[in-house]
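S.K.: Now for the letters of each chain:
There are 2 protein chains.
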Amino acid sequence: MSEQEAEKARIDLALIHYPVINKNQEVIGSAVTNLDLHDISRAAKTYGVDSLYVVTPYRDQQELFQELLDHWLKGHGAEYNSKRGEALSLVHICGDLDHVIIEVTRKWQQKPTVLATCAQVKHSVIWPYREVRRKISDGECFLILFGTAWGLAQEVIAAGDGILPPIAGTGKYNHLSVRSAAAIVLDRLLGAGMQ
Amino acid sequence: MSEQEAEKARIDLALIHYPVINKNQEVIGSAVTNLDLHDISRAAKTYGVDSLYVVTPYRDQQELFQELLDHWLKGHGAEYNSKRGEALSLVHICGDLDHVIIEVTRKWQQKPTVLATCAQVKHSVIWPYREVRRKISDGECFLILFGTAWGLAQEVIAAGDGILPPIAGTGKYNHLSVRSAAAIVLDRLLGAGMQ
Chain A
1 MSEQEAEKAR IDLALIHYPV INKNQEVIGS AVTNLDLHDI SRAAKTYGVD
51 SLYVVTPYRD QQELFQELLD HWLKGHGAEY NSKRGEALSL VHICGDLDHV
101 IIEVTRKWQQ KPTVLATCAQ VKHSVIWPYR EVRRKISDGE CFLILFGTAW
151 GLAQEVIAAG DGILPPIAGT GKYNHLSVRS AAAIVLDRLL GAGMQ
Chain B
1 MSEQEAEKAR IDLALIHYPV INKNQEVIGS AVTNLDLHDI SRAAKTYGVD
51 SLYVVTPYRD QQELFQELLD HWLKGHGAEY NSKRGEALSL VHICGDLDHV
101 IIEVTRKWQQ KPTVLATCAQ VKHSVIWPYR EVRRKISDGE CFLILFGTAW
151 GLAQEVIAAG DGILPPIAGT GKYNHLSVRS AAAIVLDRLL GAGMQ
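Heads up: the protein sequence lines correspond to chains A and B, in order. With our numbering, letter number 42 in the first sequence gets 42, and the count goes up by one each step, no holes. With our numbering, letter number 42 in the second sequence gets 42, and the count goes up by one each step, no holes.
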């Protein structure tokens, strides 16, 4: 994929804080984590993703993270390290996933294919990485969902168009952080490949 | 790579806190970061890495992180979430890289090939991912070095056997967190590939 093509890739990410599940499989809302925004926006910027939507319905969380963004985009953080602002400029805070889909559809003038990520295979259509990579390269529009806490609630997965295959390591342990999972997914979908 | 082979893979990671560079390219020692240990050990455990050596010469940092490990391996953390302990059991704290190499050589009865990671191409031999992946699969022994702060000091890179290619995104921005970079490198070297 050439740099020009990549810069035009119509791919967005959404990091979901509600509804997600806790370790007892109960639906909860999670707190926004500072480092999730830094790490995932830096990976998104590296791989030419258009936007990272941070989804939380909680007003106090939205305000807290708007302050964080302002620090790095306009405040002392911008002077200290402008590279953080470059990445965080991709972040938009949103109240729910429906609004993200409306915004993405408006932006690309096309409804995105919405794919969830999860650590286990769920009852959903599986979209192989290679196929999604090719479609992105062909200019198709994708919104990839990542869950915080113990992962996306089933209702979010079911409402999308399918899932990406769970990231298979080499044993039974499959407890990557969402930051690591997002980096790996972007490398598989948008990376220059194994030089 | 079968699960059995992966479990026998002779690969270790070292996360270096001294000597690394700051944003002005000066050699410094960095503070150990809680989430580095969690994220990188979870990725290491997922991909069947043997050990993650956390390298810092600072005694207070060593003690602080031994307390963190004890919390998750033996304390309340172990009761709350045993999956964290499973990953953190791979972590060993070490004073310098020479001791890591001695320990790894003793463990595998063979001196490892030591490869550094960096965001730019340095004056060093570049080992393609595909080649290292094949050699790991053939049972060869590797120690992969990751730098904190703004990356590994040149003396660390020069002392090793070479570098892995910098992770190429799609534009000029190459400021991945070390947590993201480690996840991507492990997926390239040990992952099951793009299903």
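FYI, nobody ran anything at the bench for these hints, they're computed from the structure. Among the hints, a few may not be true.
Since copy identity is lost for identical chains, a pair holds within one copy or between any two.
Once the Cα atoms are required to be at most 27 Å apart in a straight line, the calculated DSSO-like pairs of lysine-lysine come out as [what the hints assert, rightly or not]: (1) Lys-74 x Lys-172; (2) Lys-135 x Lys-23; (3) Lys-83 x Lys-135; (4) Lys-23 x Lys-74; (5) Lys-111 x Lys-122; (6) Lys-135 x Lys-74; (7) Lys-122 x Lys-172; (8) Lys-122 x Lys-83; (9) Lys-23 x Lys-107; (10) Lys-107 x Lys-172; (11) Lys-172 x Lys-23; (12) Lys-23 x Lys-111; (13) Lys-83 x Lys-111; (14) Lys-122 x Lys-23; (15) Lys-172 x Lys-83; (16) Lys-135 x Lys-172; (17) Lys-122 x Lys-74; (18) Lys-111 x Lys-74; (19) Lys-23 x Lys-83; (20) Lys-122 x Lys-107; (21) Lys-74 x Lys-107.
S.K.: Which earlier hints turn out false for this structure, listed by number in ascending order?
M.R.: 2, 3, 6, 9, 12, 13, 17, 18 and 20
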